[in-house]
Amino acid sequence: MANQAHATSADQVTVNPLSGALGAEISGVDLSQPLDNKTFSDIYQAFLDHLVIFFRDQVITPDQQKNFALRFGKLHIHPLTEGLDEHPEIVEIVKEPEEVHNWGDRWHIDLTSLESPPMGSILYAKEVPDFCGDTQWANMYLAYETLSDGMKRLIDGLVCVQAGGADGYKNYKGMQFIDAPPMQAEHPLVRTHPDTGKKSLFLSRKAIKHFKDMTPEESAPLLDYLYQHLTNPDFACRFHWRNNSIAMWDNRCTQHRVQADYFHEQRDIEPVYRRMHRVTIEGDRPV
Amino acid sequence: MAKVKSATTRTRIDVRPISGALGAVITGIDLSKPLSEEEFAEIHQAFLDHLVIFFRDQDLGPEEMIAIGSRFGELHIHDYTKTMDGYPEVIEVIKLPEEKHNWGDDWHIDSPSFDSPPLGSVIHAKDVPLYSGDTQWSNMYLAYEALSEGMKRMLSGLECVFKGTHKGFMGYGGMPHKEGPDRTAAHPVVRTHPVTGKKSLFVDVKPGRNFKDMTVEESAPLLDYLYQHIANPDFACRFHWENGSVGIWDNRCTLHRVQRDYFHELRDVPESLRYMTRVQMMGDEPY
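Protein sequence lines, in the order shown, are assigned to chains A and B. Per the numbering used here, the very first residue in the first sequence carries number 1; after that it's consecutive. Per the numbering used here, the very first residue in the second sequence carries number 1001; after that it's consecutive.
Since the hints were derived computationally from the structure, they do not count as laboratory data. Where hints are given, some of them may not hold.
Stated by the list, open to error - 20 Å max Cα-Cα, derived SDA-like pairs, lysine to any residue: (1) B:K1100 with A:F40; (2) A:K198 with B:E1265; (3) A:K206 with B:E1092; (4) B:K1100 with A:S116; (5) B:K1100 with A:L147; (6) A:K209 with A:K126; (7) A:K198 with B:D1268; (8) B:K1082 with B:R1071; (9) A:K152 with B:E1265; (10) A:K199 with A:Y225; (11) B:K1198 with A:P62; (12) A:K209 with A:E145.
In this text, all values refer to a predicted model and were calculated from it rather than measured experimentally.
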């Protein structure tokens, strides 16, 4: 079991948890430099233990961001979004000042409609608001473990039919989307993490149409209950971005959502721009 | 309307919002010293604009807590919980190390079963965990304003019945409860803030409540909808406590909840004491 009891320290790497549920900030690392194996293995262990890790004040180029990501696995190309011209693996996530919603402002797992959804992403804040647009992550191991034994038995073996496409991606002014054909995949509702061997709830509500061999109507009560359960705020941490902050999350055992708290009119908040660079790492087929 | 964008331009104190929804950290003030009229006027304006305000690194005993609270209003004495020896206005909010729940875990208004519920509270963190037990607040002006015109019309004139019993205050190892008479009060679901004149939703998350002159069953559909609506994370901010942190919130237009993220066994998080002191200010009858 992960030991959060003490901040782990290698030579310079320190890991400070952000909440009781998940998340830790790592300091003592400069991601513009190549990482030696010991440093990388400390970072990787922190990633497995804390599910989402954060770095502050990193000044890195697109190549350096990709090089860091390559330590975790092969780079993923987003099927529905244009990457940067020179770097197709980098998605530029932009919220224009007048927009009051984000790409990803409801709880979700990234791209569960792919046969092999991403393992995780590295998100780099280039230009972010002073106090809006925080991101929350939630621990899906905890969401599974806090179910009763009876419920765990009941949902064991259920398979979710997932579907997604470009439709949900079109309302973002600052981003270029690709009109790709719809995607469909089937994944276990409870998946086992390939590295930790732990079980987690793998339920991204909007992408799931129904349980395999059941109707949407029959599937809805349980899906809705489990969605309500996993959105319990106690399973979540909240990260406040600054320019040059980095988050890297494990897409196999977490969900995330961005605060849509751009209350320009209601609270007389100045419209703010938000721009980030995301690199995503390929994952395995969930089991 | 709250002037959020101009909030940092005040001359005496520095006010920095922590989210787009509500909350601001104030620096440049030592709360252990008597506040001048000008200082208090600026703090009070920030309290009205941001609904919950925070201060760091404050060294406050019970007498200083009473002095600060008294600037906002007459102090309220809690009747269902034992108060601090020699200081009946002060409550010691204690979570023992082995406890996994807090006093105030779900979204709630403080003591709504009084005919005149408290105006607000001042809380001071004396000995708090490194990373568990954050508190969230939620902006109930925004929750009201986000409703449709039809829903706003339907809710106008409705009253919600709040019941209080000392039994709800049992089960906290560090906080002996006191027996007291049961209370019931009905308050408008949409109340008008006596100072800002703005309307806010005045309901909290407690199953079994009802609207005045309606049954629990008849009230459930709308109350359930409103509970789900007020729990939208976009209306909330989250504050991480350190020893010496102070929070002052407006109980007339906010809800709050404490993170129950003491996952001692599930995540090997160390058991930790959480000790705070609180004073509460008397409020008006809602209208």
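Hints versus structure:
{"no.": "1", "hint": "B:K1100 with A:F40", "result": "34 Å, violated"}
{"no.": "2", "hint": "A:K198 with B:E1265", "result": "15 Å, holds"}
{"no.": "3", "hint": "A:K206 with B:E1092", "result": "44 Å, violated"}
{"no.": "4", "hint": "B:K1100 with A:S116", "result": "37 Å, violated"}
{"no.": "5", "hint": "B:K1100 with A:L147", "result": "17 Å, holds"}
{"no.": "6", "hint": "A:K209 with A:K126", "result": "35 Å, violated"}
{"no.": "7", "hint": "A:K198 with B:D1268", "result": "15 Å, holds"}
{"no.": "8", "hint": "B:K1082 with B:R1071", "result": "24 Å, violated"}
{"no.": "9", "hint": "A:K152 with B:E1265", "result": "19 Å, holds"}
{"no.": "10", "hint": "A:K199 with A:Y225", "result": "19 Å, holds"}
{"no.": "11", "hint": "B:K1198 with A:P62", "result": "47 Å, violated"}
{"no.": "12", "hint": "A:K209 with A:E145", "result": "24 Å, violated"}
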